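Chemist: Each chain, written out:
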Amino acid sequence: MLEGKNNNILFSDEILELANRIISRYPEGRQKSALIPLLHLAQAENGGWLSPEVMDKVAGFLDIQPIEVYEVATFYTMFNLQPVGKCVIEVCRTGPCWLNGGEELLAHFEKRLGIKPGETTPDGLFTLKVVECLAACGNAPVVQVGITYHENMNPGKADQLIADWSDGKERSHTNPYR
Amino acid sequence: MATQILLNNIEVPGLTGIEVYRKLGGYAAVEKVLKTMTPDEVSAEVKKSGLRGRGGAGFPAGMKWSFLDRKVDKPRYFICNFDESEPGTFKDRHLGSLNPHLLIEGMILGSFALGARTSYIYIRGELFYILNILEKAIDEAYRSGYLGENILNSGYSLDLHCHPGGGAYICGEETALIESLEGKRGNPRIKPPFPAVVGLYGCPTVVNNVETIANLPWILQNGGDAYAALGTQSSKGTKLISACGHIRKPGVYEVEMGLPVEEFIYSDQYCGGIRNGNKLKAVIAGGSSVPVLPAELILRTDRGEQRLLSYESLSVGGFESGTMLGSGGFIVLDETACIVKNLLTFARFYHHESCGQCSPCREGTGWMEKILQRIENGRGTSKDIDLLVHISKHIEGNTICPLGDAAAWPVASAIRHFRQEFEDHVKLQKCPLSR
Ligand SMILES: Cc1cc2nc3c(=O)[nH]c(=O)nc-3n(C[C@H](O)[C@H](O)[C@H](O)COP(=O)(O)O)c2cc1C
Ligand code: SF4
Ligand code: FES
Chain A
1 MLEGKNNNIL FSDEILELAN RIISRYPEGR QKSALIPLLH LAQAENGGWL
51 SPEVMDKVAG FLDIQPIEVY EVATFYTMFN LQPVGKCVIE VCRTGPCWLN
101 GGEELLAHFE KRLGIKPGET TPDGLFTLKV VECLAACGNA PVVQVGITYH
151 ENMNPGKADQ LIADWSDGKE RSHTNPYR
Chain B
179 MATQILLNNI EVPGLTGIEV YRKLGGYAAV EKVLKTMTPD EVSAEVKKSG
229 LRGRGGAGFP AGMKWSFLDR KVDKPRYFIC NFDESEPGTF KDRHLGSLNP
279 HLLIEGMILG SFALGARTSY IYIRGELFYI LNILEKAIDE AYRSGYLGEN
329 ILNSGYSLDL HCHPGGGAYI CGEETALIES LEGKRGNPRI KPPFPAVVGL
379 YGCPTVVNNV ETIANLPWIL QNGGDAYAAL GTQSSKGTKL ISACGHIRKP
429 GVYEVEMGLP VEEFIYSDQY CGGIRNGNKL KAVIAGGSSV PVLPAELILR
479 TDRGEQRLLS YESLSVGGFE SGTMLGSGGF IVLDETACIV KNLLTFARFY
529 HHESCGQCSP CREGTGWMEK ILQRIENGRG TSKDIDLLVH ISKHIEGNTI
579 CPLGDAAAWP VASAIRHFRQ EFEDHVKLQK CPLSR
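Keeping their order, the protein sequence lines are chains A and B. Start counting the first sequence at 1; every next residue gets the next number (this note's numbering). Start counting the second sequence at 179; every next residue gets the next number (this note's numbering).
A few of these clues could be false.
[Claimed, not checked] In silico lysine-lysine, DSBU-like type, Cα no more than 30 Å apart, as pairs:
hint, chain 1, residue 1, chain 2, residue 2
1, B, K314, A, K32
2, B, K314, A, K169
3, B, K242, B, K226
4, B, K210, B, K249
5, B, K249, A, K32
6, B, K252, A, K32
7, B, K519, A, K111
8, B, K548, A, K129
9, A, K129, B, K519
10, A, K157, B, K427
11, B, K369, A, K32
12, B, K242, B, K362
13, A, K116, B, K314
14, B, K459, B, K548
15, B, K608, B, K457
16, B, K605, B, K548
17, A, K32, B, K362
18, B, K459, B, K608
19, A, K116, B, K459
20, B, K213, B, K201
21, B, K362, A, K57
[Said to hold, decoys possible] If you want a taste of the chain A side facing chain B, the calculated C-beta under 7 Å gives, among others:
hint, residue
22, K32
23, S33
24, L35
25, P37
26, E71
27, P96
28, W98
29, G138
[To be verified] Covered by chain B, according to a simulated footprint, are these stretches of chain A (three or more residues, beta-carbon under 8 Å):
hint, stretch
30, 147-159
31, 166-175
Please keep in mind that the hints were generated in silico from the structure rather than gathered at the bench. The structure displayed is predicted, hence computed values, not measured ones. The beta carbon of each residue, even a glycine, is placed where N, CA and C say it ideally should be.
Isolated chain A (complex conformation) (with noise of 0.2 Å):
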């Protein structure tokens, strides 16, 4: 396993101690199980996606393949595998939110960003993506920003959300375990 700073560029101190401790919670032998949750930090670490460098760089640590990671990391859909914007807005697009407004509502932040789903505006602020049920139907529609929900949307929230994010100071992606 690679340690310290110095010959590890993967993740800071800080997530490398998060990313042992992680790893310590399955069998001797099992450390492939920690690769999900290390992959959520990679790409936090990594601006919120993940290069084919930085999977690489997992499969050292967890000392497997590369492919093992690329396998995984294309399944799973909160894997972002294109740079993504520094927020990325996921907007629910199942039944239960589809027919309470969350058509009109990704048209809505289509229309104030000026660009489709999977895209990212030019100035790198936001990209906006479509995800399916969100598990929080009953206040549709749904969006996630990073682990934020927000629900019972309309325009006039997602137009402050918008606003909300438009410093660029943050990324919405940032290391999930708190």
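Here the structure of chain A is known, so what remains is to put chain B with the ligands in place on it, guided by the hints.
Modeler: Below, chain B with the ligands alone, put in the same frame as chain A:
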């Protein structure tokens, strides 16, 4: 007020903290069980309670536990399924975020009964904020001696960890969940062998839903018989129903099994009726995967009996005129809702979430999405409607895991009960309900 087992304290401020939880009687079941009962006695109470799995399939929990291979010399694992991704379902999120210690207490009891020394709560990655709530609560439980080495001097030791997913509905299927927990893609395994024999790391494993596990403290505190006294013949206890869609009061309600559906929809204690005084059109009673029913069939069975919230009543009439309790995700559509459009979002969902291992599911879900999109856009033909039925029939029963069936049933049932609405889309060459 109806009997509340899971939500009775849910509004108490500070409930996520261990002190408040304990003041309300929390961890008393762990104290009682670890000091006075054997693992087999715990399993016997759960069997007696008649508790059925709340993740969707309704399999009796006690029976599932009895299948666990206790002879083989390997560690055993108990896993909580907190993947909650079935559209319309948001009960576990409600319970887990507001009363984390109830789930942890249930995990300790289940782990003890099954002889697990390390247990995991697998939680969908999107719910990371709840993972953080749970981890705080787990830390508190360790510090109070309910987790870790030699719990309450009983000689029993347990470690409990949370594990986040990465965004994949299929990981709610228990063998996909196990694969995912091993750090792999969420591809369901071919069964048998069942997880009770070959599960996590090849070891005997039981996977249960959040709500199933959260019932354990009450059952062990009050006895299996007391639990079995609640509910109906085949549906014991209470059920969390997450109600959404076109109702006045969406939310999570705990009902005693056997509550009439009509009362649930129209009573102010629950959904409060249809929004804007509109007319009820259809209900999807157990999450997106179960057959949709038109208003008349969700309120009454084809035999004219009152439909109740229970496993047996909702399934009266089979798939011809009945449905399933499923996960308890209760989606209500009023007269303004387009059945085709709602179905299209579900078809898109299953297409997106298919793991891709079986051709009928991988290809068929995509075809169904495409055809439904065509019909909704006014470019469909009458043949398309039959084609949808044809595809759904060829997916059903021909796949490794039930996601294929889950994708097929909504399509087949929507056409069975609302064929005219599909025909109208074709005839008018547009959605008759579009604004
Ligand atoms: C496609 C699919 C998705 C599922 N999603 C979930 C889920 O999110 N949560 C859950 O508890 N069970 C889910 N299940 C059911 C599980 O496979 C399993 O039956 C359940 O976790 C067992 O727990 P229980 O017996 O306590 O219900 C799903 C099943 C399938 C086929
Ligand atoms: S039915 Fe679908 S989701 Fe299930 S194993 Fe087959 S392809 Fe995967
Ligand atoms: S449909 Fe959007 S949260 Fe469930």
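Chemist: Would you mind marking each hint as holding or not holding in the structure?
Modeler: The hints, checked one at a time:
no.	hint	result
1	B/K314 - A/K32	holds (24 Å)
2	B/K314 - A/K169	holds (28 Å)
3	B/K242 - B/K226	holds (13 Å)
4	B/K210 - B/K249	holds (27 Å)
5	B/K249 - A/K32	holds (28 Å)
6	B/K252 - A/K32	holds (20 Å)
7	B/K519 - A/K111	holds (23 Å)
8	B/K548 - A/K129	holds (21 Å)
9	A/K129 - B/K519	holds (21 Å)
10	A/K157 - B/K427	holds (21 Å)
11	B/K369 - A/K32	holds (23 Å)
12	B/K242 - B/K362	holds (25 Å)
13	A/K116 - B/K314	violated (38 Å)
14	B/K459 - B/K548	holds (25 Å)
15	B/K608 - B/K457	holds (23 Å)
16	B/K605 - B/K548	holds (19 Å)
17	A/K32 - B/K362	holds (8 Å)
18	B/K459 - B/K608	holds (20 Å)
19	A/K116 - B/K459	violated (33 Å)
20	B/K213 - B/K201	holds (20 Å)
21	B/K362 - A/K57	holds (17 Å)
22	K32	holds (4 Å)
23	S33	holds (5 Å)
24	L35	holds (4 Å)
25	P37	holds (6 Å)
26	E71	holds (6 Å)
27	P96	holds (5 Å)
28	W98	holds (5 Å)
29	G138	holds (4 Å)
30	147-159	holds (count 3)
31	166-175	violated (count 0)
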